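Asks: Chains Y and D supply the protein sequences, listed in that same order.
Under my numbering, read the first sequence as residues -19 to 388, first letter to last.
Under my numbering, read the second sequence as residues -19 to 388, first letter to last.
None of these hints come from the bench; they were simulated from the model.
Hints are supplied without guarantee of correctness; some may be wrong.
When chains are identical, the list treats them as one kind, so a pair holds in a single copy or across two.
[Unchecked claim] 30 Å max Cα-Cα, derived BS3-like pairs, lysine-lysine:
1. K260 with K(-15)
2. K106 with K254
3. K4 with K77
4. K367 with K219
5. K367 with K206
6. K226 with K251
7. K371 with K226
8. K(-15) with K264
9. K359 with K106
10. K219 with K377
11. K371 with K206
12. K388 with K254
13. K380 with K251
14. K(-11) with K235
15. K377 with K82
16. K77 with K57
17. K359 with K341
18. K77 with K118
19. K388 with K219
20. K118 with K82
21. K380 with K77
22. K162 with K(-15)
23. K118 with K57
24. K254 with K118
The model shown is predicted, which means the values in this text are computed figures rather than measured ones.
Number of protein chains: 2
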Amino acid sequence: MRQSKLFAKTRNTAPKDAVSASHKYLSQGGFVDMLMAGVYTYLPLGYRVINNISNIVREEMNSTGAQEMLMPVLQPKNIWDETGRWESLREVMYQFKDRSGKETGLAATHEEVIYDIVRRNINSYKDLPLAVYQIQNKFRNELRAKGGLIRGREFMMKDLYSFHLSPEDLDDYYNQMIEAYKRAYNRCGLEVKVVEASGGIFTKKYSHEFQIISPAGEDTIIYCSKCDFAQNEEISKLKAGDNCPKCESVLENGKSIEAGNIFQFGDQYAKDMKGYATDKDGEKKPILMASYGIGISRLVATIAEVYHDDKGIIWPSSVAPFMVHLISLNKNEAADDIYEQLTNQGLETLYDDRDISAGEKFADADLIGLPYRLVISSKTGDQIEVKARNKDQGALKSFKEVIDLLKK
Amino acid sequence: MRQSKLFAKTRNTAPKDAVSASHKYLSQGGFVDMLMAGVYTYLPLGYRVINNISNIVREEMNSTGAQEMLMPVLQPKNIWDETGRWESLREVMYQFKDRSGKETGLAATHEEVIYDIVRRNINSYKDLPLAVYQIQNKFRNELRAKGGLIRGREFMMKDLYSFHLSPEDLDDYYNQMIEAYKRAYNRCGLEVKVVEASGGIFTKKYSHEFQIISPAGEDTIIYCSKCDFAQNEEISKLKAGDNCPKCESVLENGKSIEAGNIFQFGDQYAKDMKGYATDKDGEKKPILMASYGIGISRLVATIAEVYHDDKGIIWPSSVAPFMVHLISLNKNEAADDIYEQLTNQGLETLYDDRDISAGEKFADADLIGLPYRLVISSKTGDQIEVKARNKDQGALKSFKEVIDLLKK
Chain Y
-19 MRQSKLFAKT
-9 RNTAPKDAVS
1 ASHKYLSQGG
11 FVDMLMAGVY
21 TYLPLGYRVI
31 NNISNIVREE
41 MNSTGAQEML
51 MPVLQPKNIW
61 DETGRWESLR
71 EVMYQFKDRS
81 GKETGLAATH
91 EEVIYDIVRR
101 NINSYKDLPL
111 AVYQIQNKFR
121 NELRAKGGLI
131 RGREFMMKDL
141 YSFHLSPEDL
151 DDYYNQMIEA
161 YKRAYNRCGL
171 EVKVVEASGG
181 IFTKKYSHEF
191 QIISPAGEDT
201 IIYCSKCDFA
211 QNEEISKLKA
221 GDNCPKCESV
231 LENGKSIEAG
241 NIFQFGDQYA
251 KDMKGYATDK
261 DGEKKPILMA
271 SYGIGISRLV
281 ATIAEVYHDD
291 KGIIWPSSVA
301 PFMVHLISLN
311 KNEAADDIYE
321 QLTNQGLETL
331 YDDRDISAGE
341 KFADADLIGL
351 PYRLVISSKT
361 GDQIEVKARN
371 KDQGALKSFK
381 EVIDLLKK
Chain D
-19 MRQSKLFAKT
-9 RNTAPKDAVS
1 ASHKYLSQGG
11 FVDMLMAGVY
21 TYLPLGYRVI
31 NNISNIVREE
41 MNSTGAQEML
51 MPVLQPKNIW
61 DETGRWESLR
71 EVMYQFKDRS
81 GKETGLAATH
91 EEVIYDIVRR
101 NINSYKDLPL
111 AVYQIQNKFR
121 NELRAKGGLI
131 RGREFMMKDL
141 YSFHLSPEDL
151 DDYYNQMIEA
161 YKRAYNRCGL
171 EVKVVEASGG
181 IFTKKYSHEF
191 QIISPAGEDT
201 IIYCSKCDFA
211 QNEEISKLKA
221 GDNCPKCESV
231 LENGKSIEAG
241 NIFQFGDQYA
251 KDMKGYATDK
261 DGEKKPILMA
271 SYGIGISRLV
281 ATIAEVYHDD
291 KGIIWPSSVA
301 PFMVHLISLN
311 KNEAADDIYE
321 QLTNQGLETL
331 YDDRDISAGE
341 KFADADLIGL
351 PYRLVISSKT
361 GDQIEVKARN
371 KDQGALKSFK
381 EVIDLLKK
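Model the full structure from these sequences, guided by the hints.
Replies: And the structure:
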């Protein structure tokens, strides 16, 4: 993509209320645009990151046999009344009357909707286990929204729901999903801690959070750096400096961002919404449910929190909006030619063909944070200066050497 | 995909209020599930069709140089007040107060949001023309919703917005987009009529509709079958039986489904929302806008209206959820093996591995409507019976012949 055509431009100043690095750089870099507090447009650059993350998550969900679908935003009150959540979520769920006077809400989550579909379609053990998911916007009527994409009123989620006839089968899939989640975060460049947690406002049942250590986080976790023990401070009886109950090492604590959570609802929905299926012996059994969320838009911000310096973002290759930032310091045909060749080689390239100073181009490249910067100028001659965004020093290489490096 | 695992199952009965073929077959075939009137879940089969159509539309939009992004559903009243549309769209736009008392709406369209972003980011002719688009749910507070996916309260749209400094440049792109639209509909298997129309509730300016002749349509158009003349009856002074003003042939009329519409807003938004940029001579000029919509979810229904018989849907290959419906009448390893080989050949296959009667399997295959049905049974021996969904007769072929046929 030619940067002269890219919508929108980078900005010199950060939003006034930006306290976190992700909020600052995602706004200044032209990844997102705020419409109102907690409500953002994903501009072309940001939408490319959203899609890269979504595709990683999608692949990992599909690898467990889950099927993708898409449920509605608009929600009727009646199914939420069956679980009592129309009342208990009243504070955080957008609720209003439609033109005909019917009470309507916006999706804060989709357990009620999916359980309603499942109870009408599943009646035998032959149809189970089942796992379905969607990637879609969710809504929370926050009194005060802040922090850019970390906590929004409208945000993008992957939510997956699994259904089972036995607790053992549910446990099996739940553990399989923990592994799928770990792979998804790792592929996004993130080191994740699987944390024992309370169910928050959604459930009192067994749950885990997926936490990423970051000073921008709103949570505090107690964890062991020697083994995989970790608990949310909210529910933990332990303190930093204690001994790890698993491996006896010293426990640490740290601020962290909750980048995902999974819940075992067990037979709660079967009781509330009457979902049953017959087992192999013809006996009627409750359809058990678990649900599994990943905040896709929050992950964009989380990655920017973990990967940045004082000049801008440093995207991991797996989620970067483009792989290469090609900068031409002299308006010349050689750069156009190299742009075309990079594109033909399948390397996604942002080509800064604008008529502005070298300093502005370098500053934008650091702010946007693509993995590799390639510079062509009168000084580089037949060669290209290659610099990784996370390195200080570049090197002169031939075009063939550049391609070999980037294709690794 | 193994049909034994596919969510959800086909149904023997149609929804009570289903009058159109698309409503009936999309529900019975397990493509969609109604949550409330005008609000549907796209089940895995239906979501595959949605994605196939979206990708065709996306490719055609990208071919004009447009950039994909994603704007929010939640909308603040203030930007809609600038154009007076908070009032004029009050009837059809979901409007309510959030927890803090702030008046909020759900996106019925995105002209105000995109024009606000553009006026803050574009200030020179160097940044124009510009075209951006999104594929996203839209909301209309219909008093009565009916007709399945044809007219919903929540529905999926592709909406594109283009920005220009001169009317000639706007016209150029507008005409380019008419051609891109024709290609998109044609690739979906639809014959489209480009119809002169009023702007409906959205604008009084110059606009065109993209109409598909179908008895399920809510519009009536006057058209010439010899040339490309077509007008919406609402604005036409002509009648069927008249002479075509372009080619003198006899005009016809017919019910049709509006599958897309495009509007030239000209300088209306520049006046209302104060969007200006400097031209080459440094002169301040209004930023002109046009917008271009395609109803993605409505297209799913439109295709089903055009392509069906009394047994079910007959999907065109380009949008079919799978290419092949493989049916095994004897539980045997040969079918598993052929399923694996088809998948390895890149042919998307729904494999009916269920333990039910041949009659039920054939009825489901006709209802779901995949382009090719392959049957393996004790009668077919080493061969496979191949039947196209739109043909009455099948033929026995070797596996190699089947692959050759399907790869065409």
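Asks: Each hint needs a verdict: does it hold in this structure or not?
Replies: Structure-based check of all given hints:
In the homo-oligomer, the alpha carbons of K260 and K(-15) lie at most 30 Å apart only across protomers (17 Å), although the nearest pairing inside one protomer, at 61 Å, exceeds that limit. Proximity of K106 to K254 under the C-alpha cut-off of 30 Å is restricted to the intra-copy arrangement: shortest distance 19 Å within a copy versus 61 Å between copies. Proximity of K4 and K77 under a CA criterion of 30 Å is satisfied inter-copy only: 29 Å between copies versus 37 Å inside one chain copy. With identical chains, the CA atoms of K367 and K219 are never at most 30 Å apart, being 43 Å at best within one copy and 68 Å at best between copies.
With identical chains, the CA atoms of K367 and K206 are never at most 30 Å apart, being 35 Å at best within one copy and 61 Å at best between copies. In this homomeric assembly, K226 and K251 never come within 30 Å of each other (Cα to Cα): the closest approach is 36 Å inside a single copy and 67 Å across copies. Taking the shortest alpha-carbon separations for K371 and K226, neither the intra-copy value of 38 Å nor the inter-copy value of 66 Å comes in at or below 30 Å. For a Cα distance limit of 30 Å, the shortest separation of K(-15) from K264 across copies, 21 Å, qualifies, whereas the shortest one inside one copy, 61 Å, does not.
With identical chains, the CA atoms of K359 and K106 are at most 30 Å apart between copies only, with a shortest distance of 28 Å across copies and 69 Å within one. For the homomeric pair K219 and K377, neither the shortest alpha-carbon distance inside one copy (52 Å) nor that between copies (71 Å) is at most 30 Å. With identical chains, the CA atoms of K371 and K206 are at most 30 Å apart within one copy only, with a shortest distance of 29 Å there and 66 Å across copies. Proximity of K388 to K254 under the C-alpha cut-off of 30 Å is found in neither arrangement, the shortest distances being 53 Å within a copy and 49 Å between copies.
In the homo-oligomer, the alpha carbons of K380 and K251 never lie at most 30 Å apart, since the shortest distance is 64 Å inside one protomer and 53 Å across protomers. Taking CA atoms no more than 30 Å apart as the test, K(-11) paired with K235 passes in neither setting, with 33 Å inside one copy and 46 Å between copies. Proximity of K377 to K82 under the C-alpha cut-off of 30 Å is found in neither arrangement, the shortest distances being 66 Å within a copy and 57 Å between copies. Within a single copy, K77 and K57 get their C-alpha atoms as close as 10 Å, and across copies as close as 17 Å, so both meet the 30 Å cut-off.
Taking the shortest alpha-carbon separations for K359 and K341, only the intra-copy value of 16 Å comes in at or below 30 Å, while the best inter-copy value is 70 Å. In this assembly of identical chains, the alpha carbons of K77 and K118 lie at most 30 Å apart whether taken from the same copy (19 Å) or from different copies (18 Å). Taking the shortest alpha-carbon separations for K388 and K219, neither the intra-copy value of 44 Å nor the inter-copy value of 66 Å comes in at or below 30 Å. When the C-alpha separation of K118 and K82 is checked against a cutoff of 30 Å, the pair qualifies both within a copy, at 21 Å, and between copies, at 19 Å.
Neither within a single protomer nor between protomers do K380 and K77 lie at most 30 Å apart by alpha-carbon distance, with minima of 63 Å and 59 Å respectively. In this homomeric assembly, K162 and K(-15) come within 30 Å of each other (Cα to Cα) only across copies, at 26 Å, whereas the closest approach inside a single copy is 37 Å. When the C-alpha separation of K118 and K57 is checked against a cutoff of 30 Å, the pair qualifies both within a copy, at 17 Å, and between copies, at 20 Å. Within a single copy, K254 and K118 get their C-alpha atoms as close as 26 Å, which meets the 30 Å cut-off; across copies the closest is 32 Å, which misses it.
Of the numbered hints given earlier, the model fails hints 4, 5, 6, 7, 10, 12, 13, 14, 15, 19 and 21; all others are met.
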